[in-house]
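Chemist: One-letter residues, chain by chain:
Number of protein chains: 2
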Amino acid sequence: MNPYPDIDDCAHQLDGATFITPVETNLYRGNTSAAYGNMVGPFGGVIAAILLKAVLIHPERLGEPVALTVNFAGPITDGEFIVTTKVLRTNRTTQHWYVELAQGDQVGATATAVFATRRDTWSSTEVRFPVARPAATIERFPPIDRAKWTAAYDMRFLHGQPVSAKEDTDDRNSVSCLWIRDVPLRPLDFVSLAAICDAFFPRIFIRRPKWVPIGTVSLTTYFHADSGTLQMQGDRPVLATARALHFGGGYFDQTAEVWSDDETLLATSHQVVYYKE
Amino acid sequence: MNPYPDIDDCAHQLDGATFITPVETNLYRGNTSAAYGNMVGPFGGVIAAILLKAVLIHPERLGEPVALTVNFAGPITDGEFIVTTKVLRTNRTTQHWYVELAQGDQVGATATAVFATRRDTWSSTEVRFPVARPAATIERFPPIDRAKWTAAYDMRFLHGQPVSAKEDTDDRNSVSCLWIRDVPLRPLDFVSLAAICDAFFPRIFIRRPKWVPIGTVSLTTYFHADSGTLQMQGDRPVLATARALHFGGGYFDQTAEVWSDDETLLATSHQVVYYKE
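Those sequence lines, one after another, are chains G and Z.
Residues in the first sequence are numbered consecutively from 35, following the working numbering.
Residues in the second sequence are numbered consecutively from 35, following the working numbering.
The shape of chain G in the complex, shown without the other chains (with noise of 0.2 Å):
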């Protein structure tokens, strides 16, 4: 019924940083991992992983993860949470789900999830896959010391990487495309995908070089790919893109694509991001 890995078999960083002990039904411990440590907290990618993992791994689950939508409530600390998972409705190929993380009394982050079983239909990608040389002839972007999680991916820019403050940035928009990969490698899945989709520089210093404090406040998935295929793309660099429609009032959104090396969409992820001045 689980296919994840026990925490003493968790050859993976990320398997460790999202481990969870089911307790009692719909509730699960959990702890945060240094080596997905963010600028404060923890790297909402790992969060929105957890979040998805509490519904993977739950007993009553039915088929695979359509849509997710992880709400960043409030700054969650370094250590032990508690993760709830509620049914909200189950179907007959769709189930709904309520996930809240808390840390005491306060709530750190919330989700909601949908998922469905698939069955073979008409099928069309419209976006196209961007053209793209080989994650080999580039070289990788270097971690970035204040957030640890960085140093767990393996990112090699196409374009679009984190502006530098030499740079000048008239005509330059907030548009990355980019090769990326868990470090070390481990097999694509629900779990690594759903914090991959997260594993965006913030667009505002793609685009400035000025930097400010931000926040993701909510990012919603699309899983595209079911579990086989996945499975496919095995340890593989996924081809990345994102970009930002709009800044103004204090947030602004991403909207991103995750596609396999062979062309085939996994997921389209969408965020709202707060940000100071």
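Any given hint could turn out to be false.
Identical chains share a label here; the pair holds if one copy fits it or two copies do between them.
To be verified - Straight-line Cα separation of at most 25 Å, SDA-like style, residue types lysine to any residue; simulated pairs:
#1 LYS200 - ALA181
#2 LYS120 - ARG174
#3 LYS120 - PRO93
#4 LYS310 - ARG95
#5 LYS310 - THR159
#6 LYS310 - GLY268
#7 LYS244 - THR127
#8 LYS244 - THR159
#9 LYS182 - THR59
#10 LYS120 - THR59
#11 LYS244 - ILE178
#12 LYS120 - GLN140
#13 LYS310 - GLY64
#14 LYS200 - ILE248
#15 LYS182 - ASP112
#16 LYS310 - SER158
#17 LYS310 - ASP49
#18 LYS120 - ILE91
#19 LYS244 - SER158
#20 LYS120 - ASP154
#21 LYS200 - TRP156
#22 LYS200 - VAL246
#23 LYS120 - GLU134
#24 LYS120 - LEU61
Hints are computed from structural coordinates only; laboratory data are not their basis.
Position chain Z against the provided structure of chain G, taking the given hints into account.
Modeler: Showing chain Z alone in chain G's frame:
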């Protein structure tokens, strides 16, 4: 505190359809409205507007909506429903909500919402306002009998109206661009904007001439405008675009933008939709 009218003052059918009566703190009663009926049950956009309104009229509300995710958990039948609200967390400038619509002991729809007080910041819109001739130069798209809600909108397509059985669809895509406004005329606010963000024909009917059962399972809207900006739009039509990125395995996504007629991006909206075949 409550900027929305009493039911006796509901000159507009949208205010009637989204009218909910507070029964006690965090509990409202409402009724579906024939004017916004869909093929089965009510139009999802009005459900989204009702769930948002439950927060908008709540005495504990902080600020204005930034993000709204609505999950359609199961069929909603015509008649009475209950809406419950819960403040999950209130911070200095942001507030997180959970909202649920139920009929009997069945959850029909859920929402999470992020509200915030906005501040003036650096701003930029990276996506372009579509090239569009004025609404007055385009004929209104005729309402569709079996989807009553379509008569509650004046839609004028620049391109991408639902495909007819006679058309050649070989090189067709799912992109639409249209002017849209409420019928009768109604000044824009968050309630009507939330509904408009779901007032697109399902992308599969833009792409293929074949009728199949469909249903949105999850809808996320990011509001980029504040109430002052919405007020300036008045009752003039807004410009809306929508496209699908991927169809497959029984689900397709849709991503949309809604613009004021003076080229301000009011909202971006994303959804994932079930389809059969």
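Chemist: Hint by hint, note whether the structure agrees.
Modeler: Structure-based check of all given hints:
no. : hint            : result
1   : LYS200 - ALA181 : within (21 Å within a copy, 56 Å between copies)
2   : LYS120 - ARG174 : neither (41 Å within a copy, 45 Å between copies)
3   : LYS120 - PRO93  : within (12 Å within a copy, 27 Å between copies)
4   : LYS310 - ARG95  : between (40 Å within a copy, 22 Å between copies)
5   : LYS310 - THR159 : between (37 Å within a copy, 17 Å between copies)
6   : LYS310 - GLY268 : neither (39 Å within a copy, 30 Å between copies)
7   : LYS244 - THR127 : between (48 Å within a copy, 23 Å between copies)
8   : LYS244 - THR159 : between (37 Å within a copy, 18 Å between copies)
9   : LYS182 - THR59  : neither (33 Å within a copy, 43 Å between copies)
10  : LYS120 - THR59  : both (10 Å within a copy, 23 Å between copies)
11  : LYS244 - ILE178 : within (16 Å within a copy, 51 Å between copies)
12  : LYS120 - GLN140 : both (18 Å within a copy, 14 Å between copies)
13  : LYS310 - GLY64  : neither (31 Å within a copy, 39 Å between copies)
14  : LYS200 - ILE248 : within (21 Å within a copy, 51 Å between copies)
15  : LYS182 - ASP112 : within (13 Å within a copy, 52 Å between copies)
16  : LYS310 - SER158 : between (40 Å within a copy, 14 Å between copies)
17  : LYS310 - ASP49  : neither (33 Å within a copy, 36 Å between copies)
18  : LYS120 - ILE91  : within (13 Å within a copy, 27 Å between copies)
19  : LYS244 - SER158 : between (40 Å within a copy, 15 Å between copies)
20  : LYS120 - ASP154 : neither (29 Å within a copy, 39 Å between copies)
21  : LYS200 - TRP156 : between (49 Å within a copy, 20 Å between copies)
22  : LYS200 - VAL246 : within (17 Å within a copy, 55 Å between copies)
23  : LYS120 - GLU134 : both (9 Å within a copy, 13 Å between copies)
24  : LYS120 - LEU61  : both (9 Å within a copy, 20 Å between copies)
Checked against the numbered hints listed earlier, the structure breaks hints 2, 6, 9, 13, 17 and 20; every other hint is satisfied.
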